[in-house]
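Going down the list, the sequences are from chains A, B, C and D.
Position one of the first sequence corresponds to residue 68 (this note's numbering), numbered consecutively onward.
Position one of the second sequence corresponds to residue 625 (this note's numbering), numbered consecutively onward.
Position one of the third sequence corresponds to residue 197 (this note's numbering), numbered consecutively onward.
Position one of the fourth sequence corresponds to residue 733 (this note's numbering), numbered consecutively onward.
Treat each hint with caution, since some may be false.
Stated by the list, open to error - For lysine-lysine, the following DSBU-like pairs were computed, each having C-alpha atoms within a straight-line distance of at most 30 Å:
1) C:LYS228 with B:LYS742
2) A:LYS118 with B:LYS712
3) A:LYS145 with B:LYS945
4) B:LYS627 with D:LYS850
5) B:LYS627 with A:LYS145
6) D:LYS915 with D:LYS850
7) A:LYS233 with B:LYS915
8) C:LYS309 with B:LYS631
9) D:LYS849 with B:LYS631
10) D:LYS1065 with D:LYS916
11) D:LYS959 with B:LYS630
12) B:LYS631 with D:LYS916
13) B:LYS915 with A:LYS89
14) C:LYS509 with D:LYS1118
15) B:LYS630 with D:LYS850
16) D:LYS1118 with B:LYS742
17) B:LYS742 with D:LYS916
18) A:LYS160 with B:LYS915
19) D:LYS843 with B:LYS630
20) D:LYS915 with D:LYS959
21) B:LYS627 with D:LYS916
22) C:LYS509 with B:LYS742
23) C:LYS511 with D:LYS849
24) D:LYS1117 with C:LYS509
25) C:LYS309 with B:LYS945
26) A:LYS160 with B:LYS783
27) A:LYS99 with B:LYS712
28) B:LYS627 with A:LYS233
29) B:LYS915 with A:LYS414
30) A:LYS233 with B:LYS630
31) C:LYS509 with A:LYS282
32) B:LYS712 with A:LYS180
33) D:LYS916 with D:LYS850
Everything labelled a hint here was simulated from the structure, so no lab data went into it.
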Amino acid sequence: ASDTQTATGTETADAGGDNLEKSKAIDWQSAKDNAGNPLFIDTFVPDTPEKPADPDSLPETDELHWFNFEYPYAEIQKLEQPASPADGCIGKKLILLKNGDHPYHTAYIEATKQAAEIFGMEVEVMSANWDVNIQTQQVDQAINEAPDLIIYNPVDQETSVTHLRKMYDAGIPVIGSNVMPSNEGFQYLLSFCGPADWDQSKLLAQYMAEKAGYKGNYCVITHNPGGSAYYARAYGVITELAKIAPDMVCLDIQSPGTDSAENVKQVVSDWITKYGDDLDVIFTSETTVQATGSIEACEAAGRSDILIGGIDNSETALNYIKEGKLTCATNQPPMQDGALPVLLAAKWFNGETIDDYVFMEPAVINADNVEDFLPAQW
Amino acid sequence: MDKDRKKWMAFCSANRVYLIFAAVFVLMSLFAPRFFNTYNIGTLLGTAMLNGIVVIGFTIVLICGHLDLSTVAIINVAGNLAIYMVQKTGSFGAGILAAVVAGIVIGIVNGLLVTRAKINSFIATLGMSTLLQGLVSYSNNAATRSITDFTMTDFLDKKLIPIVPNRALIAIIIVLLVHFFMSRTTMGKNFYLVGGNVESAWYAGIRPEHYLIGAFSLNGAFAALGGALYACYLASAMADIGAMGVSPLNMLIAASVLGGASLAGGRGSILHSFFGVLTLTALYNGLTCFKLGYEMQIFVNGIVLMIVVLMEAVSLYRKNKLAGSKSDLFKQAQN
Amino acid sequence: MKKANILEFVSRFGTYMIVIILVGLGCVISDKFLSTTNLINILDAVSYLGILASGMALVTYCGQSVDLSTPSTIAVASFVSILTLRFGMIPMILCTLLSGALIGLFNGLIVGKFRINTVVWTLAVSFVFAGLIRVIFGSANIYVTTGNTRAFEQISRYRISGRIPLGVVVMVALMIGLHIFVSRSRIGRQLKLVGCSELVARYSGINVLRIITLSFVGSGMAAAITGLFIASLSKSACYNYGTGYEFRAITAVVLSGMVLDGGRGSIAGVLGGVLAIGLLNNIMTLLGLNSFLQDVVTGIVFIVIVWFTNYTKTKLEALNG
Amino acid sequence: MQHIVKRFSSFLAVNDISIQVRPGEVHAICGENGAGKSTLMKVLAGEYPDYEGRISIHGTEVKLDSPTTARRCGIAIIHQELGLAGPISVAENIFAGNLPRKKGILLDRRKLYEDAKKYLGMVGLSYVRPETLVSALSQHEAQLVEIAKALSNDPKILIMDEPTSALSREEGKRLFSIIEDLKKRGLAILYISHFLSEVFEVSDYITTMRDGRHVATEAKTETTPEKVIYHMVGKDIKDFYAERKTTVGSTVLEAKSLTRYGFFQNISFDVHEGEILGICGLSGAGRTELARALVGIDQWDEGELFYEGESIRNHSYTESIRRNIAYLAEDRKLQGLMLNLPIGENITSAKAICQSRSFWCQEEQEKNAVDGLMEELQVNPRNVKKIVGQLSGGNQQKVLLAKWLLTDPKLLILDEPTRGVDVGAKSMIHEAIKRHVDKGNAAIIISSDLMEVGGLSDRVLLLYHGRQRGIIEKDKDNCSEVSLLMLANGDGKAYEEG
Ligand SMILES: Nc1ncnc2c1ncn2[C@@H]1O[C@H](COP(=O)(O)OP(=O)(O)OP(=O)(O)O)[C@@H](O)[C@H]1O
Ligand SMILES: Nc1ncnc2c1ncn2[C@@H]1O[C@H](COP(=O)(O)OP(=O)(O)OP(=O)(O)O)[C@@H](O)[C@H]1O
Ligand SMILES: [Mg+2]
Ligand SMILES: [Mg+2]
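Taking the hints into account, I'd like the entire structure generated from these sequences.
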């Protein structure tokens, strides 16, 4: 595999500095997504707090309990990464190891392809359909294809370590995207970019707390158990509320899944029965199935007083916000998410230095600014 | 002429899975970019490890005329238990052993539910699956358990013999051993008899309940072994590997049916089921080489499965239609 | 004699006894349990499942074990409903039903004609349709854009006299209709005979192929109705909208006292099975049980109930014999 | 065996039976359906460990608590119902539970196939390869494999429970020669059959049972079939096939050179109102296939068929039933009855479903008719709620007949209507058939029991290897059992070559 790589390396070097010039001259700043918003958006590098001695000893409502989940990149000694060829991004080959299929990821892949085209790169997509075993095979297949760089979306945070280690050993630079790998995994990564899941869920908590007047009780619907979004989107809200609105009590947390609005509706109906007027706010971890189920349950019970807020920006969510049924959603744009790793890759091929990890600035979408986010990306 | 054709047909149906595998393999080698090289073939074989080991027990249960829907849950229990034990003791041996023991215990419970409580295996194991999956998720709040010790990963990725990674080698050795056991020992043959006709097995002095419990515990053992080895290989175990996407269960059923096992019992072969797994893995691998998405893979998987069962059923249908016919009366009719 | 009567009662009304026990339990646990809203909620929560399960029950009753193609049928139906809405509500409903009926027809004709194992065949069909949807539409959400979107949304939201959801009405009406149909009509009787023994049914002059096909068409149409409701609820269609429904429906059918060999049980029992699931989930959520523990409890309750009905059945047969 | 008792819950299936069997002797057990013959044999085979009484072999008392113990004691059984595993090879079936081993656990495949060949040869199946799957065999071949299986255990005592019910005369003859052979080798054989002719042919002693009780044990030389029948049913049966006055009406069914490729060829006959047509031939002659084609289960290829003067071409079976044709299939357990449904539902099933045109079921209206039929056929127990699977074979067959009689068929086609049925039930069934025909209906009867075909029918159609060998008129020709047998077997070689 390494033979092939040096071969392609020398070839592009033969093309001379010409390719680098052309690559650097590419105008990517003006690229737009389907809504006319910039395809490549501003990113930020978050501050990391001091790591507590033993996070597990802290209560679950303390954000530092989740230190390893929220800041897996902290205190990691990066292994030595391949040196940039610094010969321009045009003509480079990328492989996108996708974690699975989902409307969000359809938009993501579209943007990755669009971005690669802008930079004159070739991108091949392999989707694991949420199956680690298939992703393991695809990691090997990707290595076998000897691309210039791999964009990697892990199926699972922890299992990603073995995959990343393999790709690292094969000498292929990897940019993580969309889902953060665990602590161990980060050492193998050239860079990571993606949505700031914890931050957006905290932002959601802040906005909802303000709307609720920093009082009242809430329930949380989690994402699929086990995934990184499961922790970030539930405990981001819970820890933040414990900090800024200590009067707000978490009544219950349930995981009815992300496949069936009917299941979600059932859980929310049961909550309304059980808690009655005590229930003031519902947080959902997703805005298609879960928002629909929650809204329908509340409407059926005639409880228009309950505030519902969810994470991400599906068309369903934006419509609900317009109709006033959903208090707010957060902006996690899949297209920008998908374009970002390509930008990082291009920069790296062009010899520019890139950050170890960057995140997309989250934003709250509410009735006042919803028009800015339309048409929806998925 | 006719006899030759009949012989040829019989040969084809007996070796169906090898022919399908060969067809997929040759087509992919010819047309799929980067499919046919030692590295990718090693990848393909390695990927077959998990399902290849698990399909052993799954097939034994099918041979006995039952179905174990809790197999995937057992894989998850085993993976989590193995990683937990490695975390606690630092020894992979202890982890794998504990997982296999747990798998056997679960298998015995399944077997007892089927033989003693006389619950249809489809239903008993469906309930068992819900129960076990709940337990696994509860035990670690659905988080993936992981370790940072990669000795097992490296060992399983090494190649003692060229092309074949150790994880594939282990699977192949186990498959061959169990295949030998099932096809060449009297005890193995008895499983077929129990699946073929429970009553006649009982008349023959075989205790069908013992064999059924045995089959379910073997399924527990191999599902657990596969799950544990796979978890050790990935240095982590998810709470539910089948939570999203297509459950490995579907893959197992498809592979063993391709291999000639029937849900009615009495038929099936460990080696054929393993080749069923290899065929599907090669199919997925090759379609990925073609840059076709996962949707195409399950579509093709479904079509292959459909064609195979349909062909089998149609030939049986034809055969039944002609059963008892007298060939000389045909000759007369044609004249 | 006395014992036989009790056992007979148990084996016939077993599911409803569970329902009564669960209702009792619910009353103890929460004073809000018996409120009309909660009861309607429980019904509402299981209405789609109930519609689906009553279709699946036809297949089981007819001795064809289970129809695993339902998740794909649901997904296909949700796409069809959204794509045909532009032609008006009635054509949309007809097309959706037709899509389910066609998949059922395909399954039924093949399974009935060539005696393929249902589990394997419907699994293969499920793969093919799931793949097909994803090849055509990708894994994107398709939203309702054209046509009478308001009416479409109302399918899953409309409440009769403001209280009873349409889904519940459809489920109950479907079950009553199917129950009468299955237990009283000649075709229902044929379903039962085919379920008891296909060969005997054939030699009794029943067109077995037609009956098996009918059961699958019923299952497909029930799945299509479920798909329509789900699409209306989500106002969109997506390839994964049917995920997991097949095993939930099987659970309900099994709890109803039907056996996978066919020929036993009733559609009224399926209502009991569905209610038992709804009540159990409701009670566990009211108890505040964690989602994972809910799975554990569901698994145990399921096994125990199946064992118990089995046990009474064998005891009963021993007494009669 | 002494004072053997076996209960099913409170029901006494075998009530205090004592029998002695000596080596080199064939001991036949006779009795009506449900007399408890099979149950007694199953006790001997170790299948009911909860029996009472004592069993001694060669003077030593044994406790037969499992099939394995019984086998170890040298007892082998050929079951009434086939007990082979379909998807498994013939050889493995023969040695099931006793596969030859080498090195402790390994299967000795060479020995397995060689030994299997030996035993297959013994029962005249040397042309069957031991690797063949049992599911690929025909029914009579399977029955012979079953016998080979019993022989493979090298038994001292061999139990044969109706071994000939699925065999043709010829194969039966071969079986008797095997039995002779075994007798010479000193085996003790227990033989159960409803064919008294067979019983008198092979056995040395005859024991009769009634309602689970022992009635008599006599040496063959000291008794007659009439006496045995008297013991079995407790009364004399005279005029078994009494002369019937036939008033022939118009033609009901007429076949003109009917042909189904590969199965039968050029069959022509007609049946009239008030007439019974017998179809006679060896097993495998294509009688069942012909009947299936007549009723429309299978399609035929050439020729014409007229029903009540109207030509019917490729009609469906359902259509036939609508037209008032009934077909009583050969295998009552697989094709005839819903074993887990009650008697009532079984009887009404054909009429309610295929003859009624209304959307709803109207079973209630049939209630009286069902009761009448059960009374007429003396179905025991006379309880419509009883599950059919729990009845004895004869009563099951009565229920099956009742099911078709309820549809009041114009043409009744009966395929083996009395297979495995005792004499009493048999005559009851025959009477019912005659009564039905006398009402101006027609019947076609297929039976391996030549006495039955000869005795019942007005004319007999002879089939040999799918071809018609002629029709024998009862009044003109001699229709006795012997002459039928001669004709059926006759110089058929000429046809085969032609
Ligand atoms: N399913 C089957 N598989 C293989 N052979 C069969 C099957 N069914 C019937 N046969 C064979 O086909 C031939 C014709 O059978 P058929 O049943 O027509 O005979 P028949 O004349 O009705 O005699 P009988 O009823 O006494 O068996 C026989 O040799 C029979 O053994
Ligand atoms: N497992 C069982 N449970 C309950 N009753 C049974 C069982 N087996 C047999 N019987 C009953 O015991 C009685 C004797 O049955 P058995 O089979 O011994 O009769 P048989 O003499 O062999 O009759 P056939 O000639 O019809 O074979 C019958 O009334 C039958 O219904
Ligand atoms: Mg008997
Ligand atoms: Mg026949």
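Outcome of the hint check:
1. C:LYS228 with B:LYS742: 39 Å, violated
2. A:LYS118 with B:LYS712: Holds. LYS118 (chain A) to LYS712 (chain B) sits at ~24 Å (cutoff 30 Å).
3. A:LYS145 with B:LYS945: Violated, at about 70 Å.
4. B:LYS627 with D:LYS850: 26 Å, holds
5. B:LYS627 with A:LYS145: 70 Å, violated
6. D:LYS915 with D:LYS850: At roughly 19 Å apart (the allowed maximum being 30 Å), LYS850 (chain D) and LYS915 (chain D) satisfy the hint.
7. A:LYS233 with B:LYS915: 21 Å, holds
8. C:LYS309 with B:LYS631: Distance of about 27 Å is within 30 Å: holds.
9. D:LYS849 with B:LYS631: 21 Å, holds
10. D:LYS1065 with D:LYS916: Answer violated: LYS1065 (chain D) to LYS916 (chain D) is near 37 Å, above 30 Å.
11. D:LYS959 with B:LYS630: Roughly 55 Å separates the two Cα atoms, so the pair is violated.
12. B:LYS631 with D:LYS916: 42 Å, violated
13. B:LYS915 with A:LYS89: 29 Å, holds
14. C:LYS509 with D:LYS1118: 15 Å, holds
15. B:LYS630 with D:LYS850: 27 Å, holds
16. D:LYS1118 with B:LYS742: 24 Å, holds
17. B:LYS742 with D:LYS916: 47 Å, violated
18. A:LYS160 with B:LYS915: 14 Å, holds
19. D:LYS843 with B:LYS630: Satisfied, since the Cα-Cα distance of roughly 28 Å is no more than 30 Å.
20. D:LYS915 with D:LYS959: 26 Å, holds
21. B:LYS627 with D:LYS916: 42 Å, violated
22. C:LYS509 with B:LYS742: 11 Å, holds
23. C:LYS511 with D:LYS849: 46 Å, violated
24. D:LYS1117 with C:LYS509: 16 Å, holds
25. C:LYS309 with B:LYS945: 12 Å, holds
26. A:LYS160 with B:LYS783: Cα-Cα ~29 Å, so holds.
27. A:LYS99 with B:LYS712: Since the Cα atoms of LYS99 (chain A) and LYS712 (chain B) sit roughly 52 Å apart, the hinted pair is violated (cutoff 30 Å).
28. B:LYS627 with A:LYS233: Not OK: LYS627 (chain B) and LYS233 (chain A) at ~54 Å, beyond 30 Å, violated.
29. B:LYS915 with A:LYS414: Answer holds: LYS915 (chain B) to LYS414 (chain A) is near 26 Å, not above 30 Å.
30. A:LYS233 with B:LYS630: 50 Å, violated
31. C:LYS509 with A:LYS282: Distance ~56 Å between LYS509 (chain C) and LYS282 (chain A) Cα, so the pair is violated.
32. B:LYS712 with A:LYS180: 45 Å, violated
33. D:LYS916 with D:LYS850: 19 Å, holds
Going through the hint list in order, the structure does not satisfy hints 1, 3, 5, 10, 11, 12, 17, 21, 23, 27, 28, 30, 31 and 32.
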